[in-house]
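S.K.: Generate coordinates for the entire structure from the input sequences, incorporating the hints supplied.
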Amino acid sequence: MLELIAILRKELIHIYRDKVSLFLVLAMPLVLIILFGFTISTEIKNAKISVYDQSQDMFSKRLIESFSSSGYFKVVNLPHSIEEIHDDFKNKHIKAAIIIPQNFEKSLETDQKVSIQVINDVSDINVASVLNNYMESIISGFEELLNTEQSNGSPGISVSIQMLYNRELNSVYMFVPGIITLIMIIITALMSSITLARETETNTMRMMLITPVKKVYIVVGKVIPYMGLSLLSTIMILGISVWIFKMPIEGNLLLLLLLCVVFMFTAASFGLLVSSISKTQLDAMMITMMGLFLPTVLLSGFLFPLDNMPYVFQILASIFPAKWFILAIKDVMIKGATFTDIWHYLFILVVMSTLLLRFSISQIDKRRKR
Amino acid sequence: MRVILMLIKKEFLQVKRNKLLMSILIVAPLVQFLIFPFTADYEIKVVQIGFIDFDQSTTSKSIIEKFTYSPYFISHGFIESREQGELLMMHDKVDFIIEIPSQFEKEIVNGGTPQIAITANAINSVKAAIGAGYIKNVLRQYFEEQTEGKTFSKIQMADLELYHIYWYNERMNYKNLIVPGILVILVTLIGAYVTALNIVREKEIGTIEQMNVSPIKKWHFLLGKMIPFWILGMAEFIIGLLLMKFIFGISVQGSIGALLIATSIYLLVMLGLGFFISLISRNQLQAMFIVFFLFVVFVLLSGLFTPTEGMPQWAKYINYTNPMSFFMNIIKLVVMKGGGFADIIKDVITLSTMAVIINIAALLSYSDKKRG
Numbered sequence: 001m002l003e004l005i006a007i008l009r010k011e012l013i014h015i016y017r018d019k020v021s022l023f024l025v026l027a028m029p030l031v032l033i034i035l036f037g038f039t040i041s042t043e044i045k046n047a048k049i050s051v052y053d054q055s056q057d058m059f060s061k062r063l064i065e066s067f068s069s070s071g072y073f074k075v076v077n078l079p080h081s082i083e084e085i086h087d088d089f090k091n092k093h094i095k096a097a098i099i100i101p102q103n104f105e106k107s108l109e110t111d112q113k114v115s116i117q118v119i120n121d122v123s124d125i126n127v128a129s130v131l132n133n134y135m136e137s138i139i140s141g142f143e144e145l146l147n148t149e150q151s152n153g154s155p156g157i158s159v160s161i162q163m164l165y166n167r168e169l170n171s172v173y174m175f176v177p178g179i180i181t182l183i184m185i186i187i188t189a190l191m192s193s194i195t196l197a198r199e200t201e202t203n204t205m206r207m208m209l210i211t212p213v214k215k216v217y218i219v220v221g222k223v224i225p226y227m228g229l230s231l232l233s234t235i236m237i238l239g240i241s242v243w244i245f246k247m248p249i250e251g252n253l254l255l256l257l258l259l260c261v262v263f264m265f266t267a268a269s270f271g272l273l274v275s276s277i278s279k280t281q282l283d284a285m286m287i288t289m290m291g292l293f294l295p296t297v298l299l300s301g302f303l304f305p306l307d308n309m310p311y312v313f314q315i316l317a318s319i320f321p322a323k324w325f326i327l328a329i330k331d332v333m334i335k336g337a338t339f340t341d342i343w344h345y346l347f348i349l350v351v352m353s354t355l356l357l358r359f360s361i362s363q364i365d366k367r368r369k370r
Numbered sequence: 001m002r003v004i005l006m007l008i009k010k011e012f013l014q015v016k017r018n019k020l021l022m023s024i025l026i027v028a029p030l031v032q033f034l035i036f037p038f039t040a041d042y043e044i045k046v047v048q049i050g051f052i053d054f055d056q057s058t059t060s061k062s063i064i065e066k067f068t069y070s071p072y073f074i075s076h077g078f079i080e081s082r083e084q085g086e087l088l089m090m091h092d093k094v095d096f097i098i099e100i101p102s103q104f105e106k107e108i109v110n111g112g113t114p115q116i117a118i119t120a121n122a123i124n125s126v127k128a129a130i131g132a133g134y135i136k137n138v139l140r141q142y143f144e145e146q147t148e149g150k151t152f153s154k155i156q157m158a159d160l161e162l163y164h165i166y167w168y169n170e171r172m173n174y175k176n177l178i179v180p181g182i183l184v185i186l187v188t189l190i191g192a193y194v195t196a197l198n199i200v201r202e203k204e205i206g207t208i209e210q211m212n213v214s215p216i217k218k219w220h221f222l223l224g225k226m227i228p229f230w231i232l233g234m235a236e237f238i239i240g241l242l243l244m245k246f247i248f249g250i251s252v253q254g255s256i257g258a259l260l261i262a263t264s265i266y267l268l269v270m271l272g273l274g275f276f277i278s279l280i281s282r283n284q285l286q287a288m289f290i291v292f293f294l295f296v297v298f299v300l301l302s303g304l305f306t307p308t309e310g311m312p313q314w315a316k317y318i319n320y321t322n323p324m325s326f327f328m329n330i331i332k333l334v335v336m337k338g339g340g341f342a343d344i345i346k347d348v349i350t351l352s353t354m355a356v357i358i359n360i361a362a363l364l365s366y367s368d369k370k371r372g
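Residue numbers (my numbering), protein chains in the order written: chain A, 1 to 370; chain B, 1 to 372.
The hints are simulated quantities; they were obtained by calculation from the structure and are not laboratory data. Worth double-checking, as some hints may not be accurate.
Unchecked claim - Chain B residues, not near chain A, derived (Cβ > 10 angstroms throughout):
1. Y69
2. S125
3. E204
4. F292
Unchecked claim - Pairs of lysine-lysine residues, derived as DSSO-like cross-links and limited to a Cα-Cα distance of at most 30 angstroms, are as follows:
5. A/K10 to A/K74
6. B/K16 to A/K279
7. A/K74 to B/K346
8. A/K215 to B/K203
9. B/K10 to B/K203
Small disclaimer: the values here were computed from a predicted structure and weren't measured. Beta carbons are placed, not taken as given, at the ideal position from N, Cα and C, and that holds for glycine.
M.R.: Rendered as C-alpha cells:
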C-alpha cells in the first residue's frame, strides 16, 4: 500500500510540475463549452438576399416586407434581371435570390397556384438548409395572412407545440454530454497512456521495474491521479453548464456522478490497453485518437444524429462505450431518469470496462514474459 | 544545399522506418474518407411520431393517415394515454406526440378552431424545430385539401409554394461540404500535429542536441524538417483530391493550379505553427495539447460543421486569426463555386502573411532557445 502511495505522490508531482499541460487540461473544457455554447448556433440573422420582383404590385411588396421584417433576411438589392442576380451572388455575396413571378397579386386572387423561385447558394449547405426553413415559414405565414383576410376568418385548425425537456431549444443540451465524454477520454485515456508510454520511451520505466514496487502498483498509481483530474474537470463542466447555460440536472446528482465514474473506468481501461500495446508516446496518442477519440466524435450521436447513418455505422456505434454513456447522461440530466431507467446502460459500460481491463492485463503479462 | 538534402533524406528514412506513422499517413485519410461522409449528416430524414386520438372520428383518422403517407414520418401507432406517451418519449421511442382532442370533428363542422397539441422531444433542438415544421405543413396541407373539396370551395384560397434552385450543390448533398472539409482537416493534422510531435521527440530523446553541435545551421534544420512534411502534406492532399473524385464524384470546379498554390501556402502556415509549438513545449504531451486545443478552436470556428453567419461578433473577430477559416473559404470557392486565382487572391495573401509571421516567430524562438 505504501508503495502505491509513493507512486501516486510521484505522479502528482509530475502533473504539478508540468503546469502548461495542467493549465491546458483544465482550460480546455471551459473553452470547448463556451465555443459550443455561444458560437455554434444554427440561427442565422440578417442573411443577405436579393429579390427580383417581376410583378411590382401590392402583394409582392408586402411579401418583400415580410421577408425583411422577419429579422432573418436583409434585402440588399432589388435586381431587374437574371444577370443582375448572378452579379449579386458574386459581388454582394448574397445567400439566396428570390424571384417573384409576374401578375403575382392577380394570380393569387384568382386562386391559382403561384410558385416563387428561390435560388440558393448551397456552397455552405448548413446555411442553405437553415435559410430554406425560414423561407418556408415566412411563406406559409404570408399565405395564412392572405387567407384570413380574404375569407374573414374561416375555420381552421390551430396547432400548439410543446417542446419537452428543452423549452428554449438550446443547443447546449446536446453538447454538454458530448464534451464531458471527450474530456474524460482526453484526460483519463489519453493522458495516462501517454505518460506511461513516456516512461517506457525515456527508460524510466525500467528503473521503476527494478525497484521492489509491483508492476500493478506502478500502473494503478499512474492512472488514479488522472481519474481524479478528469472527475474535477467533469464537475467543472457540469457547474458551467448549470450556471452559465442554465442547463437543468433533473435527476439525482449522485447517480450522475456514479455514471461519470463508471465511464471514467471504461476510459481508463482503454488507456491501459493502449499503453500496454504502444511503445512510444506518438503510438499511444495516435491509437487513442484513431481508436477512441475519432469514433466518439463521429459515432456517439452528439454531433451527428445516429438515426441518419447507414445501418452498419449504427451497429459500429454500439461497440463504442461513448454512445451508451451519452444516452444515459442525457436521460439523467435532462429527463430526470432514475437508476431503474438507466441500469442497462450502466451494465453495458461495466461489462465493456471489465473486458477491456482483462484484455489489457493479459497484454501486460505477455509483455513482461518477453 | 547538400546539408538540407541530407536532412531531408534522414527525415524520409525516419518516416519510412516508423511503421505506425506510415500506416497513419495512409490509413487515416482512408478511414476518414470512408466513415466521415456517411456519419456527418445533419439532415433530418425521419422522425418517429405517435398519436393520441381522443376523438376517434373519421376526420382524426384521416389526419393520422395523412401522416403515414409522408416519407418523413415513421408512425409509432396509437398511444392510449398521455402517461404512456411520456414514457415512450422518455425512452426515445418517439420524437413527437400528436394529440387530437375529443370533439375535434364536431368543432370543425361547427366552424370552430379545435387545437391539436404537439409534444416534441426537444433535446435535439434542430430536430425538434424542423420536425415541428414538417408536422405543421402536413396539417396545413390536409386542411387546404379539405376546404377545397367541400364546403368552402367558393372562398378563394391563396396558394403559394417555393420552388428552389440550388446553386453550387444541385442535390443539396452534405457530402459536398463534408468531403472537402476532411481534406482541410487532413492537411492541418499533417502540418501541425506530425511536425510538432516529431521535433519535440528529437528534443526529448536528445538528438536535437547532437544536431545543434553539428555544423548544421538553424535554417538548415528548419528547412530540413519542413520540406519533407510539406511534401507529405501535398501528397496527402493530392491523394485526397483523387479519392474525392473517384469515390464521391466531387470534382474540382475551378482552377486546380490555384487550389494547389493555396494549399501549399496553407501547409506552410501549419508547418510553421507546428514548428513554433514544438519549440515552446517541453514534452510531447504539452505539444499535443497545444496543437489539439488550437485544432478544435480552428475547426469549430471554420464553418465546417455550423454556419459562421450565426456566430456572435467576438467569434467573428477571432476568426480573422484562424487560418483554417480562410482555407475553408478558398476550398469552397475553388472546389464548389468554380473560382479561379483571381477569386481567392485576397485569402491567399492573408495566408501568406500568416505563413511569414509564424515562420519568423519559430525561427526567432529557435535561436533564442538553442543558440543563446
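S.K.: It remains to establish, for every hint, whether it holds in the given structure.
M.R.: Hints and how they fare:
1. Y69: At about 18 angstroms from chain A, B/Y69 clears the 10 angstroms cut-off, so the statement holds.
2. S125: B/S125 is in fact no farther than 10 angstroms from some Cβ atom of chain A, at 4 angstroms.
3. E204: 7 angstroms, violated
4. F292: Since the minimum Cβ distance to chain A is about 8 angstroms, B/F292 lies within 10 angstroms and the statement is violated.
5. A/K10 to A/K74: Violated, at roughly 61 angstroms.
6. B/K16 to A/K279: 17 angstroms, holds
7. A/K74 to B/K346: 26 angstroms, holds
8. A/K215 to B/K203: Distance of about 28 angstroms is within 30 angstroms: holds.
9. B/K10 to B/K203: 16 angstroms, holds
Comparing the model with each numbered hint stated earlier shows that hints 2, 3, 4 and 5 do not hold.
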